[in-house]
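Letter by letter, the chains look like this.
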Amino acid sequence: MNKLIAFSTIALTLTVTTACTNKSVIRYGDATAVETTDINFASTDLQKVASQMTDSLLVSPVVGTLTANTRPVIFVEGIKNKTSEHIDTESITDSISTKLLRSGKFRFVDMGRVTAAREQIQFQQTGGMVDTNKAVQFGQQIGAQYMLYGNLASIVKSNKDQSDVYYKFTMRLMDLQSGLVEWADETEIRKTKQKEFVSW
Amino acid sequence: MMKTFYAYLASLFVALTLSGCTSSHFSDLFSSYHQQMQKVKHAQQQGHYVQALSLLPEKYDFDTNYNLHLLEKGRLSYLSKEYLVSEKDFEQAYQLIQKENNKAKYQLSKGVENAQAIISNDNATRYDVPAYEQSMLHSYQSLNYLNQHNLSAALVEVRRANLVQENALKNNKNELYQYQQQLQQQGVTQQHWANSFPSMDNAIGNIKNGFQNAFTFYLSALLYEAAGQSNDAYIDYKKALEITPENQFIQQDVWRLANQLQMSNDVALMKARFSPTPLLRQKAISEKTGQIVVIFERGIVNNKTEFSLNLPIYTSHHDMRFYSVAIPTYQNVLTHYSPAAVSFKEQRYLAQELVRIQSLAAKQLKDDMPIIVARQIARLITKEEIRQQLSRKNGDVGNILASLYNIATEHADTRSWSTLPDSISISQLSVPTGKQTIAIHINGVTKEVPVLVKANRKTLITMTAIGHNTDYQIINL
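In order, the protein sequences belong to chains A and C. In terms of numbering that gives the first Met the number 0, the first sequence is numbered consecutively and its last residue is 199. In terms of numbering that gives the first Met the number 0, the second sequence is numbered consecutively and its last residue is 476.
Please keep in mind that the hints were generated in silico from the structure rather than gathered at the bench. Keep in mind it's a predicted model, so treat the numbers as computed, not measured. One or more hints might be untrue.
[As the list claims (entries may be wrong)] Just a sample of chain C residues kept apart from chain A, beta carbon distances all over 12 Å, derived:
1) Leu-54
2) Glu-241
3) Asn-331
4) Ile-406
[As the list claims (entries may be wrong)] Straight-line alpha carbon distances no greater than 20 Å define the calculated SDA-like cross-link-like pairs of lysine to any residue that follow:
5) C:Lys-109 <-> A:Asn-158
6) A:Lys-22 <-> C:Phe-61
7) C:Lys-102 <-> A:Asn-39
8) C:Lys-87 <-> C:His-68
9) C:Lys-169 <-> A:Arg-171
10) A:Lys-190 <-> C:Asn-166
11) A:Lys-156 <-> C:Glu-384
12) A:Lys-104 <-> A:Lys-159
13) A:Lys-167 <-> C:Leu-268
14) A:Lys-81 <-> A:Lys-22
15) C:Lys-98 <-> A:Thr-191
16) A:Lys-194 <-> A:Arg-171
17) C:Lys-98 <-> A:Lys-104
18) A:Lys-81 <-> C:Ala-225
19) A:Lys-192 <-> A:Val-135
20) A:Lys-81 <-> C:Ser-151
21) A:Lys-192 <-> C:Ala-103
22) A:Lys-104 <-> A:Lys-156
23) C:Lys-457 <-> C:Leu-349
24) A:Lys-190 <-> C:Gln-97
25) C:Lys-237 <-> C:Lys-344
26) C:Lys-87 <-> C:Lys-104
27) C:Lys-344 <-> C:Gly-443
28) A:Lys-190 <-> C:Val-39
29) C:Lys-98 <-> A:Val-155
30) A:Lys-194 <-> C:Asn-166
31) A:Lys-167 <-> A:Lys-104
32) A:Lys-79 <-> C:Gly-227
33) C:Lys-104 <-> A:Lys-22
34) A:Lys-79 <-> A:Val-155
35) A:Lys-194 <-> C:Lys-102
36) A:Lys-190 <-> C:Lys-446
37) C:Lys-80 <-> C:Ala-116
38) C:Lys-104 <-> A:Thr-191
39) A:Lys-159 <-> C:Lys-237
40) C:Lys-87 <-> A:Thr-191
Virtual Cβ for every residue (Gly too), placed ideally from N, Cα, C.
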């Protein structure tokens, strides 16, 4: 009986002390710092994948010859999420296409904004508010020569002591005219989480 | 001296208030979950899902069964077609389960809960969401995403569901053995309690374990096919077929994909295993037809009920005495449903069962029984010890008070996700493309359902029949 009371008292003290000394603090951090809050796909993984893929694409000799005299036009098809997490893969392709654009070697067409662009041209043509001589014409856009696409797959394993996740990110560049894959590369990420032995 | 008893009550009260801080926590100890859910289930049975939602007992994130509350809420929101709300609830429940999985091997807070449980009952411990409930969570979450036209997110959910089942298979054996050992150390052999325990064999039927769910595999196969991943679909159809080998629709799917993917070994095996006639009768999918898949969800899964069990236990003085403990059980019957069917132009396609959730639940409970009994015995010994001490110190008054307290807190842990459907069955048919009208026959009612069928694509109809209410939702995959 006494033991029980003693035990409850200890438990209570623990609860009270842990609950009352916490205070929330807000501060700015480095956006490129390594983030290890949990084992799920995180900002560090996204940055790693995007920078490795862009570097690989830009230094590839094939791409060197492709971009020797012209700036090829690319469209991003997207990245298929084959993992067991809800990952915003558009954000990965956004990072990659931004980096590629910044390099000045490629040009992009944005398929995600076709409807908006069409509406705008429609407005210029038929809205009656824009000078028709200066209005943007239909049928003047440049079509993409290459398609950029990829897959993100994962293998997840866990037991009582640890969890392990392996990501494989594959990316390819296809010549739309010939159908040939001109460039491909993959990058792997492995993360393990050793679970704590004892915690509250 | 009444002091000891008051001190005991006070310490229990303080422990509860600090860990819980609410009255809802207290009510969990003195009234069982199935009592709390009665009104909700009644409303659900009547088809008043919104009302059922409002009747759900209020829970907060520090409550021991907050995760269960989210599951119930998610399911009822799904039924009332609030897919976004349902998605949020299920996601939160999933996060809680993940958090629990990622926690340290030994948790001090669990020790406090167990200490509370030992002087009250199992309802003081955190609700551990069993594998079959987790796989249903992901299946409904997947349907939530489908209803919002997000196939890629729906696929993520079916992958999660598969992961749950894989892990459950891996962990299954170790745990069972461990608790059977513990029981034997306490002097209770399996024969002892297995005989005095109410049988659930009728409810269980002939399923092998309480986590393998053909519905989840079938749904994931459907989605993989819609995403053009025939090989992944083939694997999941095969898994579903392993669980329900009698289901002819799945036989057809496996047969079709085995041929399409040129799995010559499997084709030969299937020819030997199943009579090829019904399989070969199936028309090849042509450009001018599309498939309609109807998933029937029927009834509501039963609640766990309380059963008092007489157990022989050796006291500290080494004499054997019989004690009565409350343990959870399911009714040993399965509801019989009149066959559902789909008809199109005189042709009738009878629905075939994919999964009996009631059976999964009963099997899961049966597997957990050694754990539950072991905990009950530990609790019984503690409570008996307290009663003896009080009666020694306070005479009859102490004895009566302690007995009253013991009776009041002697509740079985009847928590389970109780708004799930009882049975899930499927029917599928090929129809010409374009606008078609099919008739769905369920519970003696015929519903004309207009559907838009696209060439070589699947149209999924989820049909819910609870009580006299039927409702459906069409998703073009």
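Tested hints:
no. : hint                    : in the structure
1   : Leu-54                  : holds, 31 Å
2   : Glu-241                 : holds, 22 Å
3   : Asn-331                 : holds, 34 Å
4   : Ile-406                 : holds, 20 Å
5   : C:Lys-109 <-> A:Asn-158 : holds, 19 Å
6   : A:Lys-22 <-> C:Phe-61   : holds, 19 Å
7   : C:Lys-102 <-> A:Asn-39  : holds, 15 Å
8   : C:Lys-87 <-> C:His-68   : holds, 13 Å
9   : C:Lys-169 <-> A:Arg-171 : violated, 37 Å
10  : A:Lys-190 <-> C:Asn-166 : holds, 19 Å
11  : A:Lys-156 <-> C:Glu-384 : violated, 45 Å
12  : A:Lys-104 <-> A:Lys-159 : violated, 49 Å
13  : A:Lys-167 <-> C:Leu-268 : violated, 35 Å
14  : A:Lys-81 <-> A:Lys-22   : violated, 39 Å
15  : C:Lys-98 <-> A:Thr-191  : holds, 16 Å
16  : A:Lys-194 <-> A:Arg-171 : violated, 37 Å
17  : C:Lys-98 <-> A:Lys-104  : violated, 45 Å
18  : A:Lys-81 <-> C:Ala-225  : holds, 14 Å
19  : A:Lys-192 <-> A:Val-135 : violated, 55 Å
20  : A:Lys-81 <-> C:Ser-151  : holds, 8 Å
21  : A:Lys-192 <-> C:Ala-103 : holds, 11 Å
22  : A:Lys-104 <-> A:Lys-156 : violated, 41 Å
23  : C:Lys-457 <-> C:Leu-349 : holds, 18 Å
24  : A:Lys-190 <-> C:Gln-97  : holds, 17 Å
25  : C:Lys-237 <-> C:Lys-344 : violated, 30 Å
26  : C:Lys-87 <-> C:Lys-104  : violated, 29 Å
27  : C:Lys-344 <-> C:Gly-443 : holds, 19 Å
28  : A:Lys-190 <-> C:Val-39  : violated, 43 Å
29  : C:Lys-98 <-> A:Val-155  : holds, 16 Å
30  : A:Lys-194 <-> C:Asn-166 : holds, 17 Å
31  : A:Lys-167 <-> A:Lys-104 : violated, 26 Å
32  : A:Lys-79 <-> C:Gly-227  : holds, 12 Å
33  : C:Lys-104 <-> A:Lys-22  : violated, 27 Å
34  : A:Lys-79 <-> A:Val-155  : holds, 17 Å
35  : A:Lys-194 <-> C:Lys-102 : holds, 7 Å
36  : A:Lys-190 <-> C:Lys-446 : violated, 52 Å
37  : C:Lys-80 <-> C:Ala-116  : violated, 38 Å
38  : C:Lys-104 <-> A:Thr-191 : holds, 16 Å
39  : A:Lys-159 <-> C:Lys-237 : violated, 29 Å
40  : C:Lys-87 <-> A:Thr-191  : violated, 28 Å
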